[in-house]
Amino acid sequence: QKEVEQNSGPLSVPEGAIASLNCTYSDRGSQSFFWYRQYSGKSPELIMFIYSNGDKEDGRFTAQLNKASQYVSLLIRDSQPSDSATYLCAVNRGVTGGGNKLTFGTGTQLKVEL
Amino acid sequence: KAGVTQTPRYLIKTRGQQVTLSCSPISGHRSVSWYQQTPGQGLQFLFEYFSETQRNKGNFPGRFSGRQFSNSRSEMNVSTLELGDSALYLCASSLNPQNMETQYFGPGTRLLVL
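Those protein sequence lines, which keep their order, are chains A and B. Just so we're aligned: the first sequence equals residues 1 to 114 in our numbering. Just so we're aligned: the second sequence equals residues 1 to 114 in our numbering.
Next comes chain B alone, as it looks inside the complex (with noise of 0.2 Å):
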């Protein structure tokens, strides 16, 4: 069985620019989580998405947002890039929101911003 899957594996990019993060949840799961993860502050939820709908959204500036399709496939967009928006970001799915105990996490996006 397939892992989560996220692309791209690096990315580099400048402030003010904006960037698109996909996510390929495990077939069969229908949740997705994005988490960002930093030295200073650690792995952070960003949002959780079911069924096509955000369900939770964590303490980041609107400037993140995202989206789940109809295959459960996710996308995360960070517009207006700042230097403070590098880190490691790490999409996670599971069966479904009742079941935490089955999230897996993905390989993750390293987003460097200049």
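Same shape as in the complex, but just chain A (with noise of 0.2 Å):
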């Protein structure tokens, strides 16, 4: 089993539409989850995180985490074609000594259609 597993897509949908991403993780002792949008050629970009069960919103992008479930989602609203990218989930678990160990899911393709 990966630590880290996502759909590889391609994800499609059209314009305007709502955009869900998913992703399952197995350290249940994972502390803190991200999601990274990169573009083809280009770095991994943070677009959110998130650390407690729950929902965070920030403009277009909702984070959702169940901790129960060991699932973390990403819902994009009003998708646009500049959202095309791959979607990379991260899982961070903190080791002894305070340092970090991002593991990330292979991504998912995102397409936004017009």
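Everything labelled a hint here was simulated from the structure, so no lab data went into it. Some clues are possibly wrong.
Claimed, not checked - So the derived label-pair ranges between C-beta atoms look like this:
1) B:G40 to A:R60: 17 to 23 Å
2) A:P10 to B:E101: 23 to 29 Å
3) A:G54 to B:K13: 33 to 39 Å
4) A:N53 to B:R15: 45 to 51 Å
5) B:G16 to A:S20: 35 to 41 Å
6) A:K67 to B:T38: 25 to 31 Å
7) B:Q54 to A:D78: 42 to 48 Å
8) B:E101 to A:N22: 37 to 43 Å
9) A:Q80 to B:Q18: 41 to 47 Å
10) B:L95 to A:G54: 24 to 30 Å
11) B:E101 to A:R60: 15 to 21 Å
12) B:N59 to A:P81: 36 to 42 Å
13) B:P39 to A:R28: 27 to 33 Å
To be verified - Cut-off 27 Å, straight-line C-alpha distance, at most; resulting in silico cross-link-like pairs (DSSO-like, lysine-lysine):
14) B:K57 to B:K13
15) A:K2 to A:K42
16) A:K2 to A:K111
17) A:K56 to A:K2
18) A:K111 to A:K42
19) A:K67 to B:K57
20) A:K67 to A:K2
21) B:K57 to A:K42
22) B:K57 to A:K2
23) B:K13 to A:K42
24) A:K56 to A:K111
As the list claims (entries may be wrong) - According to the in silico footprint, chain A covers these stretches of chain B (three or more CB under 8 Å from chain A):
25) 14 to 24
26) 49 to 62
Cβ atoms here follow ideal geometry from the backbone N, Cα and C, with glycine treated the same way.
Got two chains here, separate frames each, mind docking them using the hints?
This is the structure we're talking about:
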């Protein structure tokens, strides 16, 4: 079982629709959760982070975390063609001494169609 | 504010050689992490440095090493290069290990091993 699993896609949604991206993780000790967007040929950029169970909204983006089910999701409302990218879920388990170890999923490719 | 810079941007080496990659973090950022990105394995954590100390290391062989200097700049070294080391090597900086939500990635160094 992979530590962080995502559906590779592509996930195709029409412009203006809601895109729903999902991620599951295996380590129950995971403490913080991140969503990165990566355009082709570019570096990942952080778009959302969430630490507590529930929903966190920022503009058109909502991150949802359910630690009991070991599940993180990202909703993108009013999807735009510029949202077309690969979305990486990352899970952090802090380690003794205060270090971090971010484990990434392989990413979901999102295509927003006109 | 300047972003994370990495040098060189592209590198071609042959098997058995060694390589050193450099990363300059965002001004004020004291934590630096390194990642390897390949089409097959995705984005994988290599190591994290803070205050010139390695805080954590990913599951990579000892051929991969790194260090951080007093000005927070970091280098990573790969010795005895193998074909499978061909990848995009990404450096990311954050204010400190407790604030991973401030992590920004550099543009990466693309390494090709022939």
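Now for the hints, and whether the structure bears them out:
Evaluation of the 17 to 23 Å hint for G40 of chain B and R60 of chain A yields a failure: the beta carbon distance comes to about 32 Å. Taken as a hint, the range 23 to 29 Å holds for the pair P10 of chain A and E101 of chain B, whose Cβ atoms sit roughly 28 Å apart. Separated by about 48 Å at the C-beta atoms, G54 of chain A and K13 of chain B break the suggested range of 33 to 39 Å. Between N53 of chain A and R15 of chain B, the C-beta spacing of about 48 Å keeps the proposed range 45 to 51 Å intact.
Hint check: G16 of chain B to S20 of chain A, Cβ distance near 47 Å, so the stated range 35 to 41 Å is violated. Evaluation of the 25 to 31 Å hint for K67 of chain A and T38 of chain B yields a pass: the beta carbon distance comes to about 30 Å. At roughly 43 Å, the beta carbons of Q54 of chain B and D78 of chain A sit within the given window of 42 to 48 Å. Range check, E101 of chain B to N22 of chain A: Cβ separation about 21 Å, and the 37 to 43 Å hint is violated.
Taking 41 to 47 Å as the suggested C-beta distance range, the pair Q80 of chain A and Q18 of chain B conforms, at roughly 45 Å. In this structure the hint that L95 of chain B and G54 of chain A lie 24 to 30 Å apart at CB holds, the actual value being about 25 Å. As the Cβ distance of E101 of chain B to R60 of chain A is approximately 19 Å, the hint placing it in 15 to 21 Å holds. At roughly 38 Å, the beta-carbon separation of N59 of chain B and P81 of chain A lies within the given 36 to 42 Å, and the hint holds.
Roughly 30 Å separates the CB atoms of P39 of chain B and R28 of chain A, a value that falls within the hinted 27 to 33 Å. Only pairs whose Cα atoms come within 27 Å are accepted, and K57 of chain B paired with K13 of chain B is accepted, the gap being roughly 24 Å. A threshold of 27 Å between alpha carbons decides the hint, and for K2 of chain A with K42 of chain A the separation of about 25 Å falls inside it, so the pair holds. Distance check on the hinted pair: K2 of chain A and K111 of chain A sit about 25 Å apart at the alpha-carbon level, within 27 Å; holds.
The suggested pairing of K56 of chain A with K2 of chain A holds, with an alpha-carbon distance near 26 Å, which does not exceed 27 Å. Straight-line distance between C-alpha atoms of K111 of chain A and K42 of chain A comes to about 17 Å, which keeps the hinted pair within the 27 Å bound. With a C-alpha separation of about 25 Å, the suggested pairing of K67 of chain A with K57 of chain B holds against the 27 Å cut-off. Our distance criterion of 27 Å between C-alpha atoms is met by K67 of chain A and K2 of chain A, whose separation comes to about 17 Å.
A threshold of 27 Å between alpha carbons decides the hint, and for K57 of chain B with K42 of chain A the separation of about 25 Å falls inside it, so the pair holds. At most 27 Å may separate the alpha-carbon atoms for a hinted pair to count; K57 of chain B and K2 of chain A meet this at roughly 19 Å. The suggested pairing of K13 of chain B with K42 of chain A holds, with an alpha-carbon distance near 23 Å, which does not exceed 27 Å. Simply put, K56 of chain A and K111 of chain A have alpha-carbon atoms about 23 Å apart, close enough for the 27 Å limit, and the pair holds.
Coverage of the stretch 14 to 24 of chain B by chain A is violated. Counting CB-CB distances below 8 Å, 0 residues qualify, and the rule asks for three or more. Closer than 8 Å: that is the beta-carbon criterion, and the stretch 49 to 62 of chain B has 4 residues meeting it against chain A, so the requirement of 3 holds.
Checked against the numbered hints above, the structure violates hints 1, 3, 5, 8, 25; every other hint is satisfied.
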